[in-house]
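Engineer: Which chain is which? The protein sequence lines are A and B, in order.
Residues 1 to 547 (our numbering) make up the first sequence, in order.
Residues 1 to 547 (our numbering) make up the second sequence, in order.
FYI, nobody ran anything at the bench for these hints, they're computed from the structure.
Heads up, a few of these hints could be off.
It does not matter which identical chain is used: a pair holds within one copy or between any two.
[Said to hold, decoys possible] List of simulated lysine to any residue pairs, SDA-like, C-alpha gap at most 20 Å: (1) LYS2 to GLN526; (2) LYS234 to PRO457; (3) LYS386 to ARG322; (4) LYS88 to ASP384; (5) LYS67 to ALA35; (6) LYS386 to ALA411.
Protein chains: 2
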Amino acid sequence: MKLVIVGGVAGGASAAARARRLSEDCEIVMFERGADPSFANCGMPYYVGGKIDGRQKLLVTSRERLKSRYRVDVRTHSRVERIDREKKVVHVHDTRRDRQYEEPYDKLILATGASPLRPPLEGIDLPGIHTLRDLRDADQLHTAATRGAKSAVIVGAGFIGMEMAENLQRRGLEVTVVELTDQILPPWDREMTTDVARYARSQGIRLHLGDAAARFRQSDGQLFVELRSGDVLKAGFVVLCIGVKPESQLAVEAGIECGVRGGVRTNAAMQTSDLDIYAVGDVAEVSDVVSGQPTQVPLAGPANRQGRLAADHIFGRAVGYRGTQGTAIVGIFERTVAMTGLSEKLLLRLGIPCQKIYIHAGHHAGYYPGAERLTLKLLFSPEDGKILGAQASGGAGVDKRIDVLAMAIQAGMTVYDLEEAELCYAPQFGAAKDPVNMAGFVAAGVLRGDQPVIHVPELETLTSTGAVLLDVRTLDEFEAGYIPSARHVPLDDLRTRLGELPAGERIIPYCQVGQRGYMATRILLQQGFEAANLSGGFTTWRQFHDA
Amino acid sequence: MKLVIVGGVAGGASAAARARRLSEDCEIVMFERGADPSFANCGMPYYVGGKIDGRQKLLVTSRERLKSRYRVDVRTHSRVERIDREKKVVHVHDTRRDRQYEEPYDKLILATGASPLRPPLEGIDLPGIHTLRDLRDADQLHTAATRGAKSAVIVGAGFIGMEMAENLQRRGLEVTVVELTDQILPPWDREMTTDVARYARSQGIRLHLGDAAARFRQSDGQLFVELRSGDVLKAGFVVLCIGVKPESQLAVEAGIECGVRGGVRTNAAMQTSDLDIYAVGDVAEVSDVVSGQPTQVPLAGPANRQGRLAADHIFGRAVGYRGTQGTAIVGIFERTVAMTGLSEKLLLRLGIPCQKIYIHAGHHAGYYPGAERLTLKLLFSPEDGKILGAQASGGAGVDKRIDVLAMAIQAGMTVYDLEEAELCYAPQFGAAKDPVNMAGFVAAGVLRGDQPVIHVPELETLTSTGAVLLDVRTLDEFEAGYIPSARHVPLDDLRTRLGELPAGERIIPYCQVGQRGYMATRILLQQGFEAANLSGGFTTWRQFHDA
Chain A
1 MKLVIVGGVA GGASAAARAR RLSEDCEIVM FERGADPSFA NCGMPYYVGG KIDGRQKLLV
61 TSRERLKSRY RVDVRTHSRV ERIDREKKVV HVHDTRRDRQ YEEPYDKLIL ATGASPLRPP
121 LEGIDLPGIH TLRDLRDADQ LHTAATRGAK SAVIVGAGFI GMEMAENLQR RGLEVTVVEL
181 TDQILPPWDR EMTTDVARYA RSQGIRLHLG DAAARFRQSD GQLFVELRSG DVLKAGFVVL
241 CIGVKPESQL AVEAGIECGV RGGVRTNAAM QTSDLDIYAV GDVAEVSDVV SGQPTQVPLA
301 GPANRQGRLA ADHIFGRAVG YRGTQGTAIV GIFERTVAMT GLSEKLLLRL GIPCQKIYIH
361 AGHHAGYYPG AERLTLKLLF SPEDGKILGA QASGGAGVDK RIDVLAMAIQ AGMTVYDLEE
421 AELCYAPQFG AAKDPVNMAG FVAAGVLRGD QPVIHVPELE TLTSTGAVLL DVRTLDEFEA
481 GYIPSARHVP LDDLRTRLGE LPAGERIIPY CQVGQRGYMA TRILLQQGFE AANLSGGFTT
541 WRQFHDA
Chain B
1 MKLVIVGGVA GGASAAARAR RLSEDCEIVM FERGADPSFA NCGMPYYVGG KIDGRQKLLV
61 TSRERLKSRY RVDVRTHSRV ERIDREKKVV HVHDTRRDRQ YEEPYDKLIL ATGASPLRPP
121 LEGIDLPGIH TLRDLRDADQ LHTAATRGAK SAVIVGAGFI GMEMAENLQR RGLEVTVVEL
181 TDQILPPWDR EMTTDVARYA RSQGIRLHLG DAAARFRQSD GQLFVELRSG DVLKAGFVVL
241 CIGVKPESQL AVEAGIECGV RGGVRTNAAM QTSDLDIYAV GDVAEVSDVV SGQPTQVPLA
301 GPANRQGRLA ADHIFGRAVG YRGTQGTAIV GIFERTVAMT GLSEKLLLRL GIPCQKIYIH
361 AGHHAGYYPG AERLTLKLLF SPEDGKILGA QASGGAGVDK RIDVLAMAIQ AGMTVYDLEE
421 AELCYAPQFG AAKDPVNMAG FVAAGVLRGD QPVIHVPELE TLTSTGAVLL DVRTLDEFEA
481 GYIPSARHVP LDDLRTRLGE LPAGERIIPY CQVGQRGYMA TRILLQQGFE AANLSGGFTT
541 WRQFHDA
């Protein structure tokens, strides 16, 4: 058996190591067009920013290690230029020796990754316009960030854009981020990103949301970014982080089936339409766990897993890739945002019915010092309560709750299961009712009809047609800021002041985070009012009103 | 409907609040024999130690709040002395007014908790011998710790004993812990506690393991603890933390069915053998999720959940308590130990077949600064890979992995599912192959036969009958310490030095944490040797050899 792997980062390296563990006999050849076979690409922004102090830390494994331990014939500086499926050979260009040759394969794994998009804008090829894909890019950015540049413009506020923003700011640069959509971190629902955007601004990052680079120009040695809005930004250098496209050209040219977004179609064994050719990692189109739809998820975890599975299948194991769930996390300064499953906007786009709730809770018991607030948004089926997605924002403990909910989605669990979850509790780690339980209680309460909820975007229509918005917080809280048009009746006075509320109108109680609003809703419902709690209360209202 | 609740802490308070949310009409009377209805008992050691600076922070909710918001008639200083099931009344002793009266109920919830064991030892009633159950106890310990005592002896090294040890040491006291078994934290398997025991010792805690208090005596105003071993410890004061027993006397005297360990038997609706009487929290006997056996778990999370469920059932909801999983965590200085499901020793005792593996991994990617090592022990069914239990020890990230595995157990997932788990990965939060995935890979590899493992306790027998222990680490690692009788062949030389190994003997490779040992095992198996990896490698060996 001769296994040829194109690309040596996450998916390719995993496939190679796994293949060797399964077979001492097979021949494994790995082609990597760069200088390093396997590197930690998720660490590159932190190397640029100096948090990871030393390039060598990014070298996950060396060519020598792959050779001595796994007996992988690693050929760096080697570009695979064509697949001849008839002859079962790849055409290779050894760029260092400028030599062309054919290499036969029995099985071929494409782990070519995805490349950063470079839109065809005027001036896009000017010096000082960077992307971040491999270590050479990271080296160039490292140099640019540490040798005199005073400012940087980042185009695109996704994961890498925001990580770069933090890291360049750490280097003392003045950082501006330009983003086409009206939010940072477009995979998340907008309201789950506003706290982090505010925080990033407080740290000195300038955000131009709802704007885009229109052209780049240089005058007197100075680079300028002209935006669609007409604004012009001076830039020591530019980093393009507007997304990636699967590097599937090899497959396309070989007549292998690709999806509409350019990824190589795969089955549950990671095989392409040519069953001797596998695709893994960012180049592969896979299916989404929740929707069952084709998707492209450029994340390291799934890439590693797919590489391992491809090797398993090649050596005769029964495998079935369950699809990708889209679990993702990003740290921006002291803030963390994470998600798993589908976002609300994606569910809407796919026409999948969903209900949602918000909770705000400490990441551990409030009576123990140091609790940090986290916000959790839970998306679930209104029919059976099945969890469809979750997003969290906050500081400590965000990663834990999303990992717990990632398991729940993997297991097909419902919001009722979250009520029953038994999680770690000691005061410095959690709460007797963990935020995950709380989310379950609230969501299950909505489905059981105990707690009808309405959401911030519906408020205006509802109040304009007679619904009464009722602030049930204390007077101090109310006076510190309230939702326009709200009346004020503190929760503990509600039972005795019910007469002040108009009979026949819908009442929408709200409090700071939703808990007192829930109690108010229960009282009102039992007294014959039509009532629905504003999910997440004033805190969620502010997430939507960040301007 | 008149609901009477005996006991106002976790389970009782949850039941009261839930009952009110479900019914504005019902009458709720809550009896609490102490001065405070609901307090954060998990926080008491930290109040004693000064980490929580102020007693009022432990008061989760006040009598006034319960009255004004939930309309609960809270009667503190009120001891329920008898249940008359025929008349459906409880006999109450108002200890402040020294008044006796009857209070009728339609439904009764027993949330009386559990009380610390006080063994009938000589001198047990001397002044200065404390237990920690309620705020009055905490106040007394707070006073003892801050007013001149120079030393404390803690009897029992469970959760509370070890938390007290840390907190009294924080107050500057010399702390000695005496524990009957040969380990701290008896609910965990011993080897999972040795690192923490070592760490606690390094922080100045004296541990007397495998010993017990025999008698207490006072001479010249000084308290002494005499141990079974004959050792005598001087003690400024003593804290007894040897366990709790369900406070089920009320139920027993009323002829309600109790389990062998004294807990009140409950069904899935938390009803006792008298269907109008419910038991929740530490007083209740519940079933264990994994074994299905009756169990008593004095933990706050389950207590809250049970209180809520009892109220649900009383107000006509269909409920079913799924049982208790035993998820628990304890922080001791900078170390954390957590578990979920059953321990190995409990599985053995119950005769439930189990296999196990150990992994040691960073809590996040190693290339990002600050990764802390964590050890994970996974217990699973050798038949179908179902997860039966998990234990972790380390620093940061221990709580997250156990919570993830708690969800896996709740969902009935297998080790194969852990291979597929898609968890948060950015370098500061996790790894492309999270420790949970790694545990899944290793365990699944064992079940698939890819990676036979042997465990440290089997080593001696195996090597004495001819098996060869093979250290495959580097020479530097080997010379820094190795397992007695091991031969040394570094992994990268193994393929060329196979001739040095005796054919026909079982080879047991090991490395630092198990990963290179796995590769060595794969090579050996494919070359026709009988081989099995030492799970967890040298690091796990040291967990077993802590003396």
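Engineer: It remains to establish, for every hint, whether it holds in the given structure.
Structural biologist: Tested hints:
For a Cα distance limit of 20 Å, the shortest separation of LYS2 from GLN526 across copies, 17 Å, qualifies, whereas the shortest one inside one copy, 72 Å, does not. With identical chains, the CA atoms of LYS234 and PRO457 are never at most 20 Å apart, being 37 Å at best within one copy and 67 Å at best between copies. For a Cα distance limit of 20 Å, the shortest separation of LYS386 from ARG322 qualifies both inside one copy, at 17 Å, and across copies, at 18 Å. Taking the closest pair of Cα atoms, LYS88 and ASP384 never come within 20 Å of each other, the shortest separation being 49 Å inside a single copy and 40 Å across copies.
In this assembly of identical chains, LYS67 and ALA35 lie within 20 Å of each other by CA distance solely inside one copy; the values are 15 Å within and 71 Å between copies. For a Cα distance limit of 20 Å, the shortest separation of LYS386 from ALA411 qualifies both inside one copy, at 10 Å, and across copies, at 13 Å.
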